[in-house]
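Each chain is listed here by its residues.
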Amino acid sequence: AQSVTQPDIHITVSEGASLELRCNYSYGATPYLFWYVQSPGQGLQLLLKYFSGDTLVQGIKGFEAEFKRSQSSFNLRKPSVHWSDAAEYFCAVGGNSGNTPLVFGKGTRLSVIA
Amino acid sequence: DAGVTQSPTHLIKTRGQQVTLRCSPKSGHDTVSWYQQALGQGPQFIFQYYEEEERQRGNFPDRFSGHQFPNYSSELNVNALLLGDSALYLCASSLKGEQPQHFGDGTRLSIL
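So the sequences go chain by chain: D and H.
Numbering follows my numbering, in which position 46 of the first sequence is assigned residue number 46; successive positions increment by one, without gaps.
Numbering follows my numbering, in which position 96 of the second sequence is assigned residue number 96; successive positions increment by one, without gaps.
Just to be clear, a hint being listed does not mean it is correct.
[Said to hold, decoys possible] Using 20 Å as the maximum straight-line C-alpha spacing, the simulated EDC-like pairs for lysine to aspartate or glutamate come out as follows: (1) D:Lys106 - H:Asp85; (2) H:Lys26 - H:Asp105; (3) H:Lys96 - H:Glu54; (4) D:Lys49 - H:Glu98; (5) D:Lys106 - D:Glu20; (6) D:Lys61 - D:Asp85; (7) H:Lys96 - H:Asp30; (8) D:Lys61 - D:Glu20; (9) D:Lys106 - H:Asp105.
[As the list claims (entries may be wrong)] Simulated coverage check for chain D against chain H, where a stretch passes if three residues somewhere in it have a Cβ under 8 Å from a Cβ of chain H: (10) 29-41; (11) 46-55; (12) 103-110.
[Claimed, not checked] Sample of chain H residues lacking proximity to chain D, with all beta carbon distances greater than 10 Å (derived): (13) Ser27; (14) Ala80; (15) Leu82; (16) Ala87.
None of these hints come from the bench; they were simulated from the model.
These numbers were taken from a predicted model, which means no experiment stands behind them.
By construction, the Cβ of each residue, glycine as well, lies at the ideal position given by its N, Cα and C atoms.
Okay, chain H solo, but in the shape it has when bound (with noise of 0.2 Å):
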């Protein structure tokens, strides 16, 4: 049974660029959250999918998008790097939002 898989593990970026990180979710579930965790933080929410759409956001600017395709895989996009963009991002998935979430084990982005 797989579990939630993220794509990549590491990427270093530039500022202003732009990046596509990409989570698949545990077999037989609908629903995906991305959270972002800075260096020594707790995770914060970004947004949840489901649907294929946004169904509720965190406290995050319009540079960090998302989508979620039918196969139930989504893909969080962040235009413009900043330097305070580098953290841990992780994916976590689970049957109509319902709790717990399982999570993956998060793609690293350094923005240099």
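Next comes chain D alone, as it looks inside the complex (with noise of 0.2 Å):
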């Protein structure tokens, strides 16, 4: 069965200093990969999307992800975080087939402090 987990419920960074989200999932066949970040009382805006090739990529907002076959994992990086990243962070899963939902992590709560 399909699943992604992200394992940090709630992570606390300081202004300007790096970020991992760490991903992984589980998926039969080949999966295509997402971040997804969520502001309080909004919806879900797209980061990045990994579907082939080069297993580094870049997103909107200064993030990066690479997605690591061997460790199932697709981990979110960002080298120096600004307080307005403070969101909640969901990695998804989905099929490269046309009607293949996608299934979400429980998300990561990320806190910025001064």
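Fit the two chains together into the complex; they arrive one by one in their own frames, and the hints show the way.
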């Protein structure tokens, strides 16, 4: 069965520090992987996606993620966190066929302190 | 370029009532998926509509039903509301169901 695990429920980092959010997935076919961000009271905004090719993908707002097939991981990173990055982050996996729904992790809440 | 729009933003209902939520997909998209996000959880897939038919369904009871109109907009209906139906309901759209999906801001449903 498809599943996504985000081991960290809540992470606190200082502004300007680096960030890594972990994501592990289980998927029976070639996965499409995504990171979404959700601010309080808002919907989901797509940060980045991995379909194929280069395993290091760049996204919006300075985020990047690296796909490691051997570890079934797709960790999100940012070199220098800004206070506006405080939000909930969701990793998701989907298939490459037309009607495969997304399976989400439970999310990691990011707090940024001065 | 209009994104995914959902209405209403917030809704309060009591147990046993029925509710209808609405979604207009992003311009150019023809596929709509609905997700339920309980407090502190990730979104869970309810169902997907394409060409006015339910194409795939998640593990939700028949109390949850939907519809897609010729203009690709969609409705989610929930009958016999339970306290556990309290959640943020998210609509996502895509072209022919392909990834990535684009999400609206959701409808916050509270059941009293």
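Evaluation of the provided hints:
{"no.": "1", "hint": "D:Lys106 - H:Asp85", "result": "holds, 18 Å"}
{"no.": "2", "hint": "H:Lys26 - H:Asp105", "result": "holds, 12 Å"}
{"no.": "3", "hint": "H:Lys96 - H:Glu54", "result": "holds, 13 Å"}
{"no.": "4", "hint": "D:Lys49 - H:Glu98", "result": "holds, 13 Å"}
{"no.": "5", "hint": "D:Lys106 - D:Glu20", "result": "holds, 16 Å"}
{"no.": "6", "hint": "D:Lys61 - D:Asp85", "result": "holds, 9 Å"}
{"no.": "7", "hint": "H:Lys96 - H:Asp30", "result": "holds, 6 Å"}
{"no.": "8", "hint": "D:Lys61 - D:Glu20", "result": "holds, 14 Å"}
{"no.": "9", "hint": "D:Lys106 - H:Asp105", "result": "holds, 18 Å"}
{"no.": "10", "hint": "29-41", "result": "holds (count 4)"}
{"no.": "11", "hint": "46-55", "result": "holds (count 3)"}
{"no.": "12", "hint": "103-110", "result": "holds (count 5)"}
{"no.": "13", "hint": "Ser27", "result": "holds, 17 Å"}
{"no.": "14", "hint": "Ala80", "result": "holds, 24 Å"}
{"no.": "15", "hint": "Leu82", "result": "holds, 22 Å"}
{"no.": "16", "hint": "Ala87", "result": "holds, 13 Å"}
The structure fails none of the hints (numbered hints given earlier).
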